[in-house]
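These protein sequence lines map, in sequence, to chains E and P. Residues in the first sequence are numbered from 1 upward in steps of one, following our numbering. Residues in the second sequence are numbered from 1 upward in steps of one, following our numbering.
Since the hints were made in silico from the structure, they are not lab data. Any given hint might turn out to be false.
Unchecked claim - Derived CB-CB ranges, DEER-like:
1. E:99 <-> P:87: 11 to 21 Å
2. E:5 <-> P:9: 38 to 48 Å
3. E:88 <-> P:94: 30 to 40 Å
4. E:100 <-> P:69: 13 to 23 Å
5. E:35 <-> P:9: 19 to 29 Å
6. P:71 <-> E:107: 43 to 53 Å
7. P:65 <-> E:32: 37 to 47 Å
What the hints assert, rightly or not - Here are some, though not all, of the chain P residues that point toward chain E, as calculated from beta-carbon distances under 7 Å:
8. 6
9. 39
10. 73
11. 76
12. 84
13. 105
14. 121
On a predicted model such as this, the values are computed, not experimentally measured, just so you know. Cβ coordinates follow ideal geometry from the N, Cα and C atoms, glycine included.
Each chain, letter by letter, is given below.
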Amino acid sequence: MIGAIVVGLAAGVVAGMLGVGGGVLFVPGLALFLGLAQVDAEATSLLAIIPVALAGAANQQRYGNLRLRDAVVLGVLAIPAAILGVAIVNAIPERTVEVLFALLMLFVAGQLVRRALRAEPERA
Amino acid sequence: MAVGAQRTLRLAVIGTAAGLFSGLFGVGGGTVIVPLLVLWLGYGTREATGTSLAAIVVIAAAAMLAQGAYGNVHLGDGLLVGVPAVGGVLAGTALQQRVDPRTVSLLFAALMVATAITILVP
C-alpha cells in the first residue's frame, strides 16, 4: 500500500515533467504492489491517469504552455484507435501483453536517451 | 494542401498512434505525442508537454471507458495511486519550469529499463 502511494507520487512527478500520463509507472506499480494482472493493471492505470493529466494540464495552462484547440482535436481523433487498442489487448494472451509492454518501455527509454543527448539545454 | 488541413492531418496521425498506444498499454500516449508535436508542429518542449497532458485526458477517458466495459478497472486501486499522483503532477509541472528536462528524461529512461527487465525475466 505504501509502495502504491510512492509509485503514484513518482508517476505524477514524471507526468508533470515529461507531459505523459504516468502509465509506464502506474502499470508496473499496480501489478507489483497491488497484485493486479497485466490487463487489469493497464485498465486501472487509465483511470489513475485522468485526474493526473487534468491537474497537469490545468497547471500548464496557468504557465501559458497549453494549446487547447490542438489538444482537443488530437484527443478526439485518438478515440477510435484507443478503443481498438483496448479490444486487441483483451483478445490476446496476457503474457504477450506483458512482453509488448516491456518492449514499449525499452523503446521509450531509448527515445528519451536519444532526445536528451541531442537536445540543447533548455533555459528555465 | 492547405496549411490548416495539413495541420489537422498531422494531429490525426499523432492521435491515432497515441490512441493505439493508450489502449494497448494502459498509458496516456504522451511518449508519442510530445516528440511529434515538437517535430511536426514546431512546438516548444514545455508547450508540447502541456498540450499532451490535455489531450491525454480525452484519450485515457475513452480507453478507460472501453476497459470498463470489459470489467477490468479496479476503482479503489486506481484512486490509491491516482490521488497521490495529482500532488506529484502539480509538483512536476512546477519543477519543469525551473530545471533542465534532460536530466529527468535520463533518470526516467533508466527506471524504465530496470522495470522492463523485471517484467521480461520471469
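Cross-check of the supplied hints:
1. At about 33 Å, the beta-carbon gap between residue 99 of chain E and residue 87 of chain P misses the expected band of 11 to 21 Å.
2. The supplied range of 38 to 48 Å is met by residue 5 of chain E and residue 9 of chain P, whose beta-carbon atoms lie about 42 Å from each other.
3. Evaluation of the 30 to 40 Å hint for residue 88 of chain E and residue 94 of chain P yields a pass: the beta carbon distance comes to about 37 Å.
4. For residue 100 of chain E paired with residue 69 of chain P, a C-beta distance near 21 Å keeps the hint of 13 to 23 Å intact.
5. As the Cβ distance of residue 35 of chain E to residue 9 of chain P is approximately 43 Å, the hint placing it in 19 to 29 Å is violated.
6. Between residue 71 of chain P and residue 107 of chain E the beta carbon distance is about 30 Å. The supplied range of 43 to 53 Å is therefore violated.
7. Between residue 65 of chain P and residue 32 of chain E the CB atoms are about 26 Å apart, so this pair departs from the stated range of 37 to 47 Å.
8. Residue-level restraint check for residue 6 of chain P is violated (minimum Cβ-Cβ distance to chain E is 13 Å; threshold 7 Å).
9. With a cut of 7 Å, the hint placing residue 39 of chain P at the interface with chain E is violated, because the nearest CB-to-CB distance is about 10 Å.
10. Given hint, residue 73 of chain P at the interface with chain E, holds; its Cβ is 5 Å from that chain's nearest Cβ, closer than 7 Å.
11. At a threshold of 7 Å, the smallest CB-CB gap from residue 76 of chain P to chain E is about 9 Å, leaving the interface hint violated.
12. A hinted interface residue such as residue 84 of chain P counts as satisfied when its beta carbon comes closer than 7 Å to some beta carbon of chain E; here the least separation is about 4 Å, so the hint holds.
13. This hint holds: residue 105 of chain P has a C-beta 4 Å from the nearest C-beta of chain E, less than the 7 Å allowed.
14. With 7 Å as the threshold, the beta carbon of residue 121 of chain P stays out of range of chain E, its nearest partner Cβ sitting at about 10 Å, so the hint is violated.
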